[in-house]
Structure formats: C-alpha cells, structure tokens
Amino acid sequence: MSNGPAGHVARSTVRPNPETARAAGPGRMRTFLSTDDGVAVDSVYDPGQAVYEEGRPSGDTPVFVVAHGFTGDADRPHIRRVAGVLRRYGAVVTFSFRGHGASGGRSTVGDREVLDLAAAVRWARGLGHARVVTVGFSMGGSVVLRHAALHRDDDARTDAVVAVSAPARWYYRGTPLMRRLHWMVTRPEGRLVGRYGFRTRIHHRKWDPVPMSPVEAVPRIAPTPLLIVHGDRDGYFPLDHPRMLAAAAGDHADLWLEPGMGHAENAAGEDLLARIGDWAVTRCG
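Note that our numbering gives residue 73 to position 73 of the sequence shown, counting from 1, and the numbers run on in steps of one.
Since the hints were made in silico from the structure, they are not lab data.
All residues carry an ideal CB built from backbone N, CA and C; glycine is no exception.
Incorrect hints may have been included.
[Unchecked claim] Just the calculated beta-carbon pair ranges, DEER-fashion:
#, residue 1, residue 2, range
1, P219, G174, 17 to 27 Å
2, T186, R88, 32 to 42 Å
3, R81, L177, 20 to 30 Å
4, R173, H204, 11 to 21 Å
5, A222, D278, 14 to 24 Å
6, R173, L257, 14 to 24 Å
7, H182, P209, 17 to 27 Å
8, D154, P188, 32 to 42 Å
9, D155, G262, 16 to 26 Å
10, R173, R80, 41 to 51 Å
11, D154, D208, 37 to 47 Å
12, P259, E189, 34 to 44 Å
13, Q49, R173, 22 to 32 Å
Using the sequences provided together with the hints, build the complete structure.
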C-alpha cells in the first residue's frame with residue numbers, strides 16, 4: 001500500500017482556519033490536519049485540566065495523543081471515554097485515522113497511518129506542549145511503535161509511548177477474529193462490509209514495500225520510555241505478541257499483562273487508563 005516514505009509528514013497548521021475549527025469549550029478545538037501525502041485527518045484537541053498561561057497551555061502540561069484501533073474513530077464512545085480519563089493528567093488530542101470517521105483517504109491498516117499520527121503530534125507541539133505521550137490501541141498500538149522509531153529526533157517525536165493490545169508481527173492469522181479481519185481487508189466483498197458495516201474505507205492495494213514490523217521498530221525506540229499493555233483474554237493477539245515486543249525492547253520497556261482484559265480500547269477500564277496516565281506523567285519527564 002505504500003507509495004512513498006511513511007516517516008515524513010508536512011507540518012500541520014498550528015492555529016486552524018475558522019472555516020474548519022469548531023470550539024467546544026475553553027481551549028477546545030476541532031480541525032482537519034493535512035498529512036504529507038495530502039490526506040485530511042479529523043482531529044480534536046481537549047486541554048483537559050491543563051493550566052493555561054496567556055491562552056496557551058503551560059509548557060509543563062503533557063499532551064496525550066490517542067491512536068485508535070482499526071474501525072474506530074475520534075467520536076467513538078470508547079475513545080471519548082479514554083480521552084475523558086487521560087484529560088485528568090494533561091491535554092488530549094484524538095483523531096480519526098485515514099479512511100475512518102470524517103477523515104479522508106483510505107485505510108492502509110497501519111502503514112501510512114504513521115503520517116496521520118505524526119501530523120497530530122506536530123499539532124500538539126505547535127499548540128504549546130513540550131511533552132507528548134502517544135497512546136495507541138491495537139492497530140494504533142502498532143502505529144505508535146513505528147512512529148516512535150521513525151521520529152526520534154524531529155518535531156514529531158514523542159516523549160513516551162504506550163502500546164495497548166498491539167500486534168508484534170504482520171499477517172498474523174492465528175485467531176478466528178484475525179482471520180475475519182484479513183478477509184475484510186483483502187477481499188472486495190470484505191471491504192464492502194468494512195465500508196458500510198464499520199464505516200471504514202479500506203485501500204485495495206497490498207503493502208509495497210512491507211513496512212517495518214512492530215517488533216522490528218521497538219529496539220529503535222530506546223531511550224524513549226515504552227509501556228506495553230496486553231490483556232490475557234485478548235481475542236485477537238495472544239500473549240506471545242506482547243512478550244515478543246518486550247523481549248525486543250530489552251530493559252527500556254515496562255510490560256503489563258492485565259488479568260481478565262480483552263482487546264484494545266473497548267476493554268481498557270478506567271483503573272487501567274488511570275494507571276497509564278500516572279505512568280506517563282512520571283516517565284515522560
């Protein structure tokens with residue numbers, strides 16, 4: 001699905017145009033960010049309980065950039081719930097990946113979505129936040145890992161990474177749910193189900209070249225703090241996935257295996273999200 005470098009993204013507009021931004025309370029805004037390959041990404045900024053100085057967030061206020069799972073979007077109830085908990089710890093940026101929700105383009109199932117995340121991180125930094133934490137779920141978990149590996153030293157960099165229910169390797173078909181997902185992505189009739197049943201527009205092209213896998217990306221993230229979270233009842237990816245990621249990370253990653261937890265943002269309870277917020281505020285400096 002690739003046809004260009006997925007590690008580069010144009011700077012997005014820091015102050016959205018009045019035609020696209022919609023205020024939703026003090027300091028809140030919604031706009032479309034433009035990625036390097038020209039996709040419009042629907043994005044929402046919530047200052048949370050951040051302390052403001054002269055209309056801008058304090059430089060000490062972290063911002064959480066939340067990357068949803070496949071078939072999700074910024075307006076899904078589970079993503080709003082995630083944002084609602086994380087806003088206690090800092091500002092929050094949520095967005096819809098390409099092909100999802102109101103965003104343009106078509107989903108490449110984790111490949112060029114790195115461009116979408118990079119645009120959101122640049123926007124967050126442009127709004128005045130010096131510390132950025134990326135939090136990704138499932139497909140979004142694979143994206144935050146690859147993003148952190150590709151953007152270590154530029155203004156799309158992150159200061160801490162949290163990957164929840166992320167796969168370690170591509171093309172996994174070891175569970176019934178993943179076999180169904182592969183059918184939806186690879187078959188024309190499956191993509192129709194994705195479009196009309198899940199409001200997700202999926203690209204018909206195969207990956208070319210195949211992007212760096214999450215387990216290949218993880219060693220390149222150090223020394224950025226990394227948290228890997230996975231449930232022991234995940235119906236998509238069994239526990240060998242987080243263990244592979246943790247082994248590849250070595251000593252610089254924390255691994256939380258959550259008893260009784262299922263998959264991704266749907267299964268992340270308030271207590272877990274609060275612990276993630278605490279971890280991030282402590283680790284991102």
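May I ask you to test the hint 14 to 24 Å on the CB atoms belonging to R173 and L257? holds (23 Å)
Regarding T186 and R88, is the given constraint of 32 to 42 Å on their beta-carbon distance met? holds (41 Å)
So the hint says 34 to 44 Å: do the beta-carbon atoms of P259 and E189 match that? holds (38 Å)
Would you say the C-beta atoms of D154 and P188 sit inside 32 to 42 Å of each other? At roughly 38 Å between Cβ atoms, P188 and D154 fall inside 32 to 42 Å, so the hint holds.
Kindly confirm whether 16 to 26 Å is satisfied by the beta carbon distance between D155 and G262. violated (36 Å)
How does the Cβ-Cβ distance of A222 and D278 compare with 14 to 24 Å: does it lie in that range? holds (22 Å)
Pairwise beta carbon distance, P219 to G174, judged against the given window 17 to 27 Å: Given range 17 to 27 Å: holds, Cβ gap about 24 Å.
Q49 and R173, beta-carbon distance inside 22 to 32 Å? The hint (22 to 32 Å, Cβ to Cβ) is violated, given that Q49 and R173 are roughly 43 Å apart.
Could you tell me whether the CB distance from D154 to D208 stays inside 37 to 47 Å? Cβ of D154 to Cβ of D208: about 25 Å, so the range 37 to 47 Å is violated.
Using the Cβ atoms, figure out if H182 sits within 17 to 27 Å of P209. holds (19 Å)
L177 and R81 - C-beta distance against the hinted 20 to 30 Å: holds (22 Å)
Go ahead and decide if the range 11 to 21 Å is satisfied by the Cβ distance of R173 to H204. holds (19 Å)
The earlier numbered hints that this structure contradicts are 9, 10, 11 and 13.
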